[in-house]
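Novice: Spelled out, the chains give:
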Amino acid sequence: MPRPNTATPLERRYAMLGVFLIAPTVLVFCAVIVYPLFSAIYLSLFQIFTPTLQGSFVGLENYQRLLQRPEFWTSLRNTLIWTVGTLTLQIICGVGMALVLHQNIWFRSIARSLILFPYFVSTVVAVLVWRWLFNDLYGILNHLMMSMGLIDWPIDFLGSSPNAMISVILVGAWKYFPFVVIAVLARLQTIPEPLYEAAKIDGAGPIARFFDVTLPQLREVLVVIILLRAIWDFKEFDLIFLLTGGGPLISTQTLPLLVYKEAFALNQMGMASAYAVVMMAIMLVFMVVYVLKTRNKD
Amino acid sequence: MTRRILFNLFAWSIVLAVAFPLFWMVVTSIKPQIELFRRPPTILPETVTFDHYLRLLRETNFLIYFRNSVVLSVATTVTVVSIATLGAYSLVRFRYRGRESLAFLVLFTYLLPSVVLIIPLYLMLVNMGLSNSIFSLVIAYTTFALPYALWLLRSFMAGIPEDLESAALVDGASRMEAFRDIILPQLLPGIISTALFTFILSWNEYLFALVLINSDNARPLTTGVMNMLVSSFNIEWSLLMAASVMMSVPLIIVFAFLQSYLTRGFGAGGVKG
Numbered sequence: 001m002p003r004p005n006t007a008t009p010l011e012r013r014y015a016m017l018g019v020f021l022i023a024p025t026v027l028v029f030c031a032v033i034v035y036p037l038f039s040a041i042y043l044s045l046f047q048i049f050t051p052t053l054q055g056s057f058v059g060l061e062n063y064q065r066l067l068q069r070p071e072f073w074t075s076l077r078n079t080l081i082w083t084v085g086t087l088t089l090q091i092i093c094g095v096g097m098a099l100v101l102h103q104n105i106w107f108r109s110i111a112r113s114l115i116l117f118p119y120f121v122s123t124v125v126a127v128l129v130w131r132w133l134f135n136d137l138y139g140i141l142n143h144l145m146m147s148m149g150l151i152d153w154p155i156d157f158l159g160s161s162p163n164a165m166i167s168v169i170l171v172g173a174w175k176y177f178p179f180v181v182i183a184v185l186a187r188l189q190t191i192p193e194p195l196y197e198a199a200k201i202d203g204a205g206p207i208a209r210f211f212d213v214t215l216p217q218l219r220e221v222l223v224v225i226i227l228l229r230a231i232w233d234f235k236e237f238d239l240i241f242l243l244t245g246g247g248p249l250i251s252t253q254t255l256p257l258l259v260y261k262e263a264f265a266l267n268q269m270g271m272a273s274a275y276a277v278v279m280m281a282i283m284l285v286f287m288v289v290y291v292l293k294t295r296n297k298d
Numbered sequence: 299m300t301r302r303i304l305f306n307l308f309a310w311s312i313v314l315a316v317a318f319p320l321f322w323m324v325v326t327s328i329k330p331q332i333e334l335f336r337r338p339p340t341i342l343p344e345t346v347t348f349d350h351y352l353r354l355l356r357e358t359n360f361l362i363y364f365r366n367s368v369v370l371s372v373a374t375t376v377t378v379v380s381i382a383t384l385g386a387y388s389l390v391r392f393r394y395r396g397r398e399s400l401a402f403l404v405l406f407t408y409l410l411p412s413v414v415l416i417i418p419l420y421l422m423l424v425n426m427g428l429s430n431s432i433f434s435l436v437i438a439y440t441t442f443a444l445p446y447a448l449w450l451l452r453s454f455m456a457g458i459p460e461d462l463e464s465a466a467l468v469d470g471a472s473r474m475e476a477f478r479d480i481i482l483p484q485l486l487p488g489i490i491s492t493a494l495f496t497f498i499l500s501w502n503e504y505l506f507a508l509v510l511i512n513s514d515n516a517r518p519l520t521t522g523v524m525n526m527l528v529s530s531f532n533i534e535w536s537l538l539m540a541a542s543v544m545m546s547v548p549l550i551i552v553f554a555f556l557q558s559y560l561t562r563g564f565g566a567g568g569v570k571g
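Line by line, the protein sequences are chains A and B. Okay, so the first sequence: first residue is 1 according to this note's numbering, each after it adds one. Okay, so the second sequence: first residue is 299 according to this note's numbering, each after it adds one.
Worth flagging that the hints you see were computed from the coordinates, not collected in a lab. A virtual CB, placed ideally from N, CA and C, is assigned to each residue, including glycine. Among the hints, erroneous ones may be present.
Stated by the list, open to error - Under the rule of at most 25 angstroms between Cα atoms (straight-line distance), these lysine to any residue pairs were calculated in the SDA-like manner:
(1) A:Lys261 - A:Gln47
(2) A:Lys261 - A:Glu220
(3) A:Lys293 - B:Arg301
(4) A:Lys293 - A:Leu188
(5) A:Lys261 - B:Gly427
(6) A:Lys293 - A:Gln47
(7) A:Lys200 - A:Val224
(8) A:Lys293 - B:Leu400
(9) A:Lys293 - B:Ala456
(10) A:Lys293 - A:Arg219
(11) A:Lys261 - B:Leu527
(12) A:Lys293 - B:Gly427
(13) A:Lys261 - B:Asp514
(14) A:Lys261 - A:Phe57
(15) A:Lys293 - A:Met280
(16) A:Lys261 - B:Val390
(17) A:Lys293 - B:Leu527
(18) A:Lys293 - B:Arg397
(19) A:Lys200 - B:Arg301
What the hints assert, rightly or not - Which stretches of chain A does chain B cover? Using the computed rule of at least three CB atoms under 8 angstroms from a CB of chain B, they are:
(20) 75–81
(21) 91–103
(22) 151–162
(23) 203–212
Make the full structure from the sequences, and use the hints.
Specialist: Here it is in structure tokens:
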């Protein structure tokens, strides 16, 4: 806490310099984040037609209408299915892969780079590649599954109803599980070896050692990873928009896609802002928990 | 020994399965059209051709998009990293009112969804007459890149011992001289990894580019390449895969030469996704 009465001139000069150095950040923050954030809430009280940007004040009517729309509830449900589905896969595959890569396998650093690459590659690239893999006529996935006798007929991965959501969840897991791998791997390297030796002496097998030693040690980092990835998956736009566009019909349409559609396809800026604000309100719970969790560590 | 070999085979088959889509992208991009539609498909191409790459460079707007992406990502990285370096220095090393709440705000905005900001930002940039320019995207990209860079640089800055700086101050250096001579050299690896991540984030961004740009002169690679898919009547997969490979080349270069910086950045705060 600053104590202006007891501060020496030097301390005051330093404080001034500190404020001067943070000024550009504060200015940019206010212009591109704080102002738009409040402006989104303000806009949600209006009915605005996008091409003309003309509108009238409607108060809370947008919110009333959206709660009555089945499309909102479907999108919310889709968002939850997508988030929970892809997050679960990311965590299971991520922890599993981290355990494998923690072992001394051949060419370990090359293996790590290969695993990491899906995470850094652009979503556009990832989606193009997967749409080619999923292709019903020439796609390699259908071909492999048919030649192995798993299916008799090509699967329509992205164009039919439960398939599309499953495909989106799978591609999401493929794209984002490397994040879990790297974060868990970093933590695994800090678990003290004597813990394992002690467990071995007590006669614990590999599986018991995982549950008694590794998992409790990973608990804290896993909570943070799950919160962070849950927030990011909840707001995911690019991957779903590019893979299915929310289709077929609206069976993979999540809340971010709904906001985009309302604002730039149906041209209702105010309504779109209302959707965005509601989405934000739901996310806020997770964001606050995450911020508190990571702030405690400082 | 057998167990070790079996485990290695198991581990590598998973790694290769995860990497398969990327391998398939490269293979598809160098197969001639006829081979692409042959059944059963060939895993390794029988004839290698670079026609698709040449066509991409000659007959499409790919080079314009590529140039736009380079300008956009470099501009965003330079702007964001310089503002964030000063900001992080101030947040970590100075005491003043509101510093704590500001750090809180940074972390909060790091998690903020772009889709909430995009409508007001769109209105703002249209009203300022800036839409459809690379400059408008630089402004829009700071919304996610600046909080991210600040957060990353803040943890790098906190890792530099304060004693070194105090010693310089005792020797009569001013705060800014100490910053230039002591902090900056120590912070350099952190600045490099932050810059790399900021570059990758901007290089891959899609939503803002989709909403704010609708002219080919300012369109970056992400929306540009996607446009090639939508506008063509027959989807030419080999052309699209060639575009995907070319789009990933900068990332591969970063990966090959600067991996240690990437790992460091990852340790300091994860990567925005």
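Novice: All the hints need checking, so say for each whether the structure fits it.
Specialist: How the hints compare with the structure:
Distance hint between lysine 261 (chain A) and glutamine 47 (chain A) is fulfilled; the C-alpha atoms sit about 15 angstroms from each other, no more than 25 angstroms. Distance restraint check for lysine 261 (chain A) and glutamate 220 (chain A): the Cα-Cα separation of roughly 38 angstroms exceeds the 25 angstroms cut-off, and the hinted pair is therefore not satisfied. Between lysine 293 (chain A) and arginine 301 (chain B) the CA atoms are separated by roughly 41 angstroms; this puts the pair beyond 25 angstroms, and the hint is violated. Pair hint lysine 293 (chain A) plus leucine 188 (chain A) holds up; C-alpha atoms about 20 angstroms apart against a cutoff of 25 angstroms.
Of the pairs offered as hints, the one joining lysine 261 (chain A) and glycine 427 (chain B) holds, with about 23 angstroms between alpha carbons and a cut-off of 25 angstroms not exceeded. Note on lysine 293 (chain A) and glutamine 47 (chain A): the hinted pairing is violated, with a Cα-Cα distance of about 39 angstroms set against a maximum of 25 angstroms. Distance restraint check for lysine 200 (chain A) and valine 224 (chain A): the Cα-Cα separation of roughly 29 angstroms exceeds the 25 angstroms cut-off, and the hinted pair is therefore not satisfied. For the given pair, lysine 293 (chain A) sits about 17 angstroms from leucine 400 (chain B) by alpha-carbon distance, which is consistent with the 25 angstroms threshold.
In summary, the hint linking lysine 293 (chain A) to alanine 456 (chain B) is supported, as the alpha carbons are separated by about 19 angstroms, within the 25 angstroms threshold. Of the pairs offered as hints, the one joining lysine 293 (chain A) and arginine 219 (chain A) holds, with about 13 angstroms between alpha carbons and a cut-off of 25 angstroms not exceeded. The straight-line distance between the Cα atoms of lysine 261 (chain A) and leucine 527 (chain B) is roughly 20 angstroms, inside the 25 angstroms bound, and the hint therefore holds. Among the hinted pairs, lysine 293 (chain A) with glycine 427 (chain B) is inconsistent with the structure: their alpha-carbon atoms are about 42 angstroms apart, more than 25 angstroms.
At roughly 22 angstroms between alpha-carbon atoms, lysine 261 (chain A) and aspartate 514 (chain B) fall within 25 angstroms of each other, so this suggested pair holds. For the given pair, lysine 261 (chain A) sits about 21 angstroms from phenylalanine 57 (chain A) by alpha-carbon distance, which is consistent with the 25 angstroms threshold. Restraint check for lysine 293 (chain A) and methionine 280 (chain A): satisfied, since their Cα atoms lie roughly 19 angstroms apart, inside the 25 angstroms limit. Straight-line distance between C-alpha atoms of lysine 261 (chain A) and valine 390 (chain B) comes to about 42 angstroms, which puts the hinted pair past the 25 angstroms bound.
The hinted pair formed by lysine 293 (chain A) and leucine 527 (chain B) fails the criterion: a straight-line CA distance of about 43 angstroms is larger than 25 angstroms. For the hint linking lysine 293 (chain A) to arginine 397 (chain B), the alpha-carbon distance of about 19 angstroms falls within 25 angstroms, and the restraint holds. Using a Cα cut-off of 25 angstroms, the hinted pair lysine 200 (chain A) and arginine 301 (chain B) holds, with the two alpha carbons roughly 19 angstroms apart. Given as covered by chain B, the stretch 75–81 of chain A fails the check, having 0 residues with a CB less than 8 angstroms from a CB of that chain where 3 are the minimum.
For the stretch 91–103 of chain A, the stated coverage by chain B is satisfied: 4 residues place a CB nearer than 8 angstroms to a CB of that chain, which reaches the threshold of 3. Here the stretch 151–162 of chain A counts 0 residues with a CB under 8 angstroms from a CB of chain B, which misses the bar of 3, and the coverage is violated. As drawn, the stretch 203–212 of chain A meets chain B at 0 residues by the rule of a beta-carbon pair under 8 angstroms; below three, the given contact is violated.
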